[in-house]
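Here the structure of chain A is known, so what remains is to put chain B in place on it, guided by the hints.
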Amino acid sequence: VRGGDQVECFLMNALTLWFHKLGSPPYFYRFAGRLLPWLYGASLAIAAVGLWLGLVRAPADYLQGESVRIMYIHVPCAWMSLFAYIAMAVAGFVGLVWHIKLSELVAMACAPVGAAFTFVTLVSGSLWGRPTWGTYWVWDARLTSELVLLFLYFGVMGLYRAFDDPRRGARAASLLALIGIVNLPIVHYSVVWWNTLHQGQSVSLMGGSTIDTSMLVPLLLMAAATHVWFFASVFARARVAVLEQEAGKDWVRELARAEAAA
Amino acid sequence: MSHTPFIVAAYAVFAVVFLADAIAPWLARRRVLSQLHSRLAREQRRRNEAEVPETP
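Residue numbers (the working numbering), protein chains in the order written: chain A, 1 to 262; chain B, 1 to 56.
These are computed hints drawn from the structure, not numbers from a lab. Careful, some of the hints might be misleading.
[Unchecked claim] Cβ pair distances, simulated, as ranges:
(1) B:41 to A:49: 43 to 51 Å
(2) A:21 to B:34: 50 to 58 Å
(3) B:41 to A:17: 34 to 42 Å
(4) A:260 to B:1: 27 to 35 Å
(5) A:21 to B:4: 47 to 55 Å
(6) A:23 to B:4: 43 to 51 Å
(7) B:4 to A:17: 53 to 61 Å
(8) A:66 to B:34: 41 to 49 Å
(9) B:4 to A:151: 30 to 38 Å
(10) B:4 to A:164: 44 to 52 Å
(11) B:5 to A:188: 25 to 33 Å
(12) B:39 to A:192: 50 to 58 Å
(13) A:147 to B:2: 23 to 31 Å
In this text, a Cβ means the ideal position worked out from N, Cα and C, and glycines have one as well.
One chain only, chain A, in its complex shape (with noise of 0.2 Å):
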């Protein structure tokens, strides 16, 4: 076996291993715990710096004029929408399939951080809309898509809510969440697909992106900043849930315990 092999396999069984430990929820409190205020700090750091450049340094639109500067919430935001459900559909078929409870809670934790995502671009998307195409809203298939986004999120919210048992609520919700999965692509596709006032699409991950640099720069920082901020909420809501759930636990005693004495 040649050294490289050995080292892969090494890497591979810890990382294994580290899966594994992270499954259990005591050990998923402490790391996320730890991982909060780096991941908090960082998502503002990058935001800071992404505002800064698409606020101050990027220049307005040729066509739209400043109104342009919504996009620098707008888009990120609406990416963010679409992630946040594909991982809470990922999580919930992992949990529905191996019964892993903490798969469940995070599929949970995702719904109301893709739900605020879906709300801001809903809002901003309005409030673009009215100094560029004259209206706040329109039954248009992009925006009436991303409405149906908000109402699934909020549908996997109540299912979760609405059962006494949390892990009967949570394979039902989780359902639900890959049911809802059908609406991605009709989202995505929408602005190819039909006729929409809403533009096609101005960034492409294989290239040909139809926008400058100077707005470009700012508007994946934004990107990164939003991905960052998903994952400090996600992983600050699984915690509560931990929490909740693992209530009888010893652990959990003991931390309320140390908690109430500091």
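Okay, now just chain B, sitting in the frame of chain A:
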């Protein structure tokens, strides 16, 4: 038409929503731990009362 009110409103909504998103789990964690601590204190009190020997 001035675009400033639309930009300010959009950024204000963004800030308020994510401020609430940051505060909500922090408050929820405090509430859960405080409720659990009260429950532990009640259990301890009941245990202490059960251990007190009855006076003749």
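Structure-based check of each hint:
no. : hint                      : verdict
1   : B:41 to A:49: 43 to 51 Å  : holds (47 Å)
2   : A:21 to B:34: 50 to 58 Å  : violated (29 Å)
3   : B:41 to A:17: 34 to 42 Å  : holds (39 Å)
4   : A:260 to B:1: 27 to 35 Å  : violated (56 Å)
5   : A:21 to B:4: 47 to 55 Å   : holds (51 Å)
6   : A:23 to B:4: 43 to 51 Å   : holds (49 Å)
7   : B:4 to A:17: 53 to 61 Å   : holds (54 Å)
8   : A:66 to B:34: 41 to 49 Å  : holds (47 Å)
9   : B:4 to A:151: 30 to 38 Å  : holds (32 Å)
10  : B:4 to A:164: 44 to 52 Å  : holds (50 Å)
11  : B:5 to A:188: 25 to 33 Å  : holds (31 Å)
12  : B:39 to A:192: 50 to 58 Å : holds (55 Å)
13  : A:147 to B:2: 23 to 31 Å  : holds (28 Å)
In summary, the structure is inconsistent with hints 2, 4 from the numbered list given earlier, while agreeing with the others.
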